[in-house]
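Engineer: Fit the two chains together into the complex; they arrive one by one in their own frames, and the hints show the way.
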Amino acid sequence: MTDEPLQAEDVRKVYRGRIGPHVEALRGVSLSIRRGERLSLLGRNGAGKTTFLRIASTLLLPTSGRIHVFGFDVVDEPERVRPLIAVVPQEGKPFFHLTPREQVYCYLRARGIAREIARARTEEALEKMGLLEVADRLSVTLSGGQKQRAMVATVMATEAPLMFLDEPTIGLDPFARRAVWDVLRELTRKGSTVLLTTHYLDEAEALSERLYIVEEGRILFEGTAADAKRQIGGTLRVSIENGGPVRDLFRSFGQTVEEGTALSVITGPERIHEIMDIALRNRLSATVGPVTLEEAFLTIVGRSIDEE
Amino acid sequence: MAFRLHWAGSGVFLATEVRVQLHEWLAIVTGTLTPGALIVFVAILAPELLPVTLVGALVYSMFLIGQRVLNEAAYVRIDHKLNELYHASPLSPEGYFVGIAGGMLVAYLPPSLVLLGILQILHPLDAVAGLTLIVCLLAVWAVSSTIGYVVSTLFKDMKTIWPYSALLTNLFGVVPPVFYRLGSVPVEWRSAVLLLPTSAAAVLVDSAAGLEPLTRTEATTAAVALAAEALVLFAFGIYWARRTARER
Chain H
-6 MTDEPLQAED VRKVYRGRIG PHVEALRGVS LSIRRGERLS LLGRNGAGKT
44 TFLRIASTLL LPTSGRIHVF GFDVVDEPER VRPLIAVVPQ EGKPFFHLTP
94 REQVYCYLRA RGIAREIARA RTEEALEKMG LLEVADRLSV TLSGGQKQRA
144 MVATVMATEA PLMFLDEPTI GLDPFARRAV WDVLRELTRK GSTVLLTTHY
194 LDEAEALSER LYIVEEGRIL FEGTAADAKR QIGGTLRVSI ENGGPVRDLF
244 RSFGQTVEEG TALSVITGPE RIHEIMDIAL RNRLSATVGP VTLEEAFLTI
294 VGRSIDEE
Chain B
2 MAFRLHWAGS GVFLATEVRV QLHEWLAIVT GTLTPGALIV FVAILAPELL
52 PVTLVGALVY SMFLIGQRVL NEAAYVRIDH KLNELYHASP LSPEGYFVGI
102 AGGMLVAYLP PSLVLLGILQ ILHPLDAVAG LTLIVCLLAV WAVSSTIGYV
152 VSTLFKDMKT IWPYSALLTN LFGVVPPVFY RLGSVPVEWR SAVLLLPTSA
202 AAVLVDSAAG LEPLTRTEAT TAAVALAAEA LVLFAFGIYW ARRTARER
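Top line first, the protein sequences correspond to chains H and B. In terms of my numbering, the first sequence is residues -6 to 301. In terms of my numbering, the second sequence is residues 2 to 249.
Isolated chain B, as found in the complex (with noise of 0.2 Å):
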């Protein structure tokens, strides 16, 4: 079978998707929580690190659609069975990933709107911060959401999913450099950090914006990093749509 790609329907499928969770609105708005509990605290604790927090709750926001896609796939696979009466339909298997990954990130956009208004009032951003920050969320999105559909594909109950789901965000979002600044985390451990596409996205932004400087190395591998990551993650998710579409 030749390796080509249908993206016929889609568009309609991920319009599907944003239509589904706009009505379950709460959980648009519940979703900023995280972030938005530690932008009041640093507030009021720190204001100065503001903007270094708002570009992390950009990028946590962006890697929670991940756990979003993980959620939704798995819920509607294991709980409704919609994916075989989309997956018997000309609606490709691609089709159907970057359907429900598209329609988190259009669905989940509006709050990190709100929080990228935030940021420009408090810190504005030139014209090449704000490219770099959209292609690092981007990544950060094209990364989380190809984690989380995969693992999704893992497991047959719903309940053994929640704590993976947890503890990614956790891992990716929390632990590394995303909230605060490269700078607190010990020399020997930076090279490390900058290879997770959550803390490389951050750190990036950051630089770009005149938050935090990078040296030249740290800025080539956290770009390199993300870059591949972001284009060999999202082509492996549409291979794993593809080959978990039909069960062996």
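Excised from the complex, chain H in its bound form (with noise of 0.2 Å):
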């Protein structure tokens, strides 16, 4: 066993269907996670990160490739891997006919967990999911955002190693999502580390201490949520409304991106004074802001269509 959590090397696969054609599904992604790292897969849907995570975590096989958890190879010694890991499937729900707390509780004890630790576990994990007031009742009777709490809940509560999460938040209201990420703050503090998928930015950005962005299979990105809006050519963006008729006076501040009418230029701090001179002599209206993770995403992964 080694201390690394992770370690891919040009991981492939090829999804081969019996009628329709084959689908490359991920094209040789390398990554690799430190211990206590919180890492975000970005990426569109079907751009591989579910496939990766479900090879990374025995799920799935790959192609060819190798994956490495903690120096065990998944493909080999998965019954050395899976003590490690714990996993919140995409799209998974809890068993209807048990109640939070049964469903967290059953969990950890057929992981082979003690039961007064399990009983503790249980307990905090659903308080700080904040499902207390639902924990005996069947989870049928749950709203959808409560049941994937439950599923959350069920994971973090294992404390194990490495925990795959593969859009842990989805449906989730604010408050309920800024739970789960505190959660996963906390878990990464004492130790665990965690990959996660999500098609939230702010949340990418706010979680992890990396991130890597895929495209059909292949990692376009990988660094800081900073150095992805780096990637784009500035730091800020001006909003124009009804500057997409008058792109052209815009064209050589940096970056130009027609929404509708209105128009974004992304630029640094240097050049606003000129923009806004600009958009005054043109009676414009003009806001600025900060660049968006998502703006960066966008960007990188549409100058990745682009060339294709």
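No lab work stands behind these hints, which were simulated from the structure alone. As the structure is a prediction and not an experimental result, all values here were calculated from the model. Don't be surprised by glycine CBs; every beta carbon is placed ideally from N, CA and C. Watch out, some of these pointers could steer you wrong.
In silico DSS-like cross-links for lysine-lysine, where the CA-CA straight-line distance does not exceed 25 Å [claimed, not checked]:
id, chain 1, residue 1, chain 2, residue 2
1, B, 157, H, 86
2, H, 121, H, 183
3, B, 160, H, 86
4, B, 82, B, 160
5, H, 86, H, 121
6, B, 82, H, 86
7, B, 157, B, 82
8, H, 121, B, 82
Here are some chain H residues pointing at chain B (derived, C-beta under 10 Å) [claimed, not checked]:
id, residue
9, 9
10, 12
11, 14
12, 16
13, 65
14, 72
15, 82
16, 86
17, 102
Structural biologist: Below, the structure is given as structure tokens:
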């Protein structure tokens, strides 16, 4: 066993359809995660995020390449990997005919966790996920968000050294999402490592120390959210109402993006005055704000689509 | 990878499944409706056949557990993705399979115990017949659970599974001589039906209970077929559980 939670080298996956065409889901993904790190995989639907997560969590065989979890090969030594990991599956639901308390406790016990510890961790996880009030109601009677929180609580309570969470906050309200973030932060403080996929870019930015952007089975970007923003040529976005028709006036200041009749200019702080002057002279309303990760994501992925 | 079996956690998972089923207690009760209705009809129309029908109902109920394994394993996998939660954990795939199969056995046992009680009143079984009954029912459980689990892994949609579930139950539980005597089957078909696990179990118990005599050849054929099917299929179930714990 090594100290490195996950090391993936040139992982490829081809889904061979019996009737339809083969689908190349992963085309040589290599990445590594450090102990105690929270790392996000970002990408469009079908980019390969879930495929990677499922291979890394021993649920799917790769076509080629290697993934080691704490030094154990996920293909050859799954029985050594499995005690070290826990997974929140995408669109997973708890047993409808168990209560959240039973769900979490029974799962911990099935993982071999002693009764007393399982009991304590169950209560702690339910409390942190805001489920104590409904802890003894059958899950079938819970709301979609409560069911999702029960799934997250089940996995978090394991305190497994490496956790995979496939869109763990989907369907959760902003308060519940932040509760999940807090618990994930606490888990990594305690030494667990977290790899998650998400479509919420604010979540990726708030939560992950590093992120990978995946597109069509390849990694397009690796780094921090700040690194991703730097990739698009500026840290500020000037939004100009009705600026679309006069886009040419602003092209020299940086990247320009038309959204309907509005125009966004990605630029640096040193050029803001010039842009505002032009906008005022043309009687256009303009506002300035920081570049978001979403814009960086759209630019990085969009650039890749254009190249294709 | 060495083929070593790991059972750690399977008892807890079995208990989890029992707990899940007990929360759906109505399903346990309604599961007895088909054999219960048959018993009522036979009690009215041909009361002398009631012990044979009760033995058949016990075998049928045990085979029905396979249908429940099929539905539960498919539901948990397709609708809830909970198989992923458990497969990516220290619980082994064989522990998962046996947990579901054993959970269904325990949860759905009470109706069978009621049937056994009625049989004991109408036609008391001696020790040999009782032992034969237990062994045969366990063999039917092993066969039906494996069939149920394996079939559950072959489909991606619950709706596609339902007809197969009903087909298997009727094919193994209603058509062969489970609820009726082997003597009613044409001679040329008898060897074939003795190879089916449900009818083999029923005729062996009927014979041990003195309800219908079997020739030595018939008894040997039924016993060997049932034992072989139970052992081979259950071993295959374990192999299949390990194979399908990870998609290809």
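Engineer: All the hints need checking, so say for each whether the structure fits it.
Structural biologist: Verification of the hints:
1. 157(B) with 86(H): It holds: about 17 Å lies between the C-alpha atoms, which stays within 25 Å.
2. 121(H) with 183(H): The given pair, whose Cα atoms are some 15 Å apart, holds under the 25 Å limit.
3. 160(B) with 86(H): Answer holds: residue 160(B) to residue 86(H) is near 19 Å, not above 25 Å.
4. 82(B) with 160(B): Roughly 16 Å between the alpha carbons, so the hint for residue 82(B) and residue 160(B) holds.
5. 86(H) with 121(H): 19 Å, holds
6. 82(B) with 86(H): Holds: residue 82(B) and residue 86(H) sit about 7 Å apart, inside 25 Å.
7. 157(B) with 82(B): Cα-Cα ~12 Å, so holds.
8. 121(H) with 82(B): Roughly 23 Å between the alpha carbons, so the hint for residue 121(H) and residue 82(B) holds.
9. 9: 9 Å, holds
10. 12: Interface hint status for residue 12(H): violated (14 Å vs cutoff 10 Å).
11. 14: Given a least distance of 17 Å, the restraint on residue 14(H) is violated.
12. 16: This hint is violated: residue 16(H) lies away from chain B, its Cβ roughly 14 Å from the closest one there, beyond 10 Å.
13. 65: This interface hint is violated because 12 Å lies over the 10 Å limit.
14. 72: Hint holds; residue 72(H) Cβ to chain B Cβ min 7 Å, cut 10 Å.
15. 82: Result: holds, 4 Å to nearest chain B Cβ.
16. 86: 4 Å, holds
17. 102: 4 Å, holds
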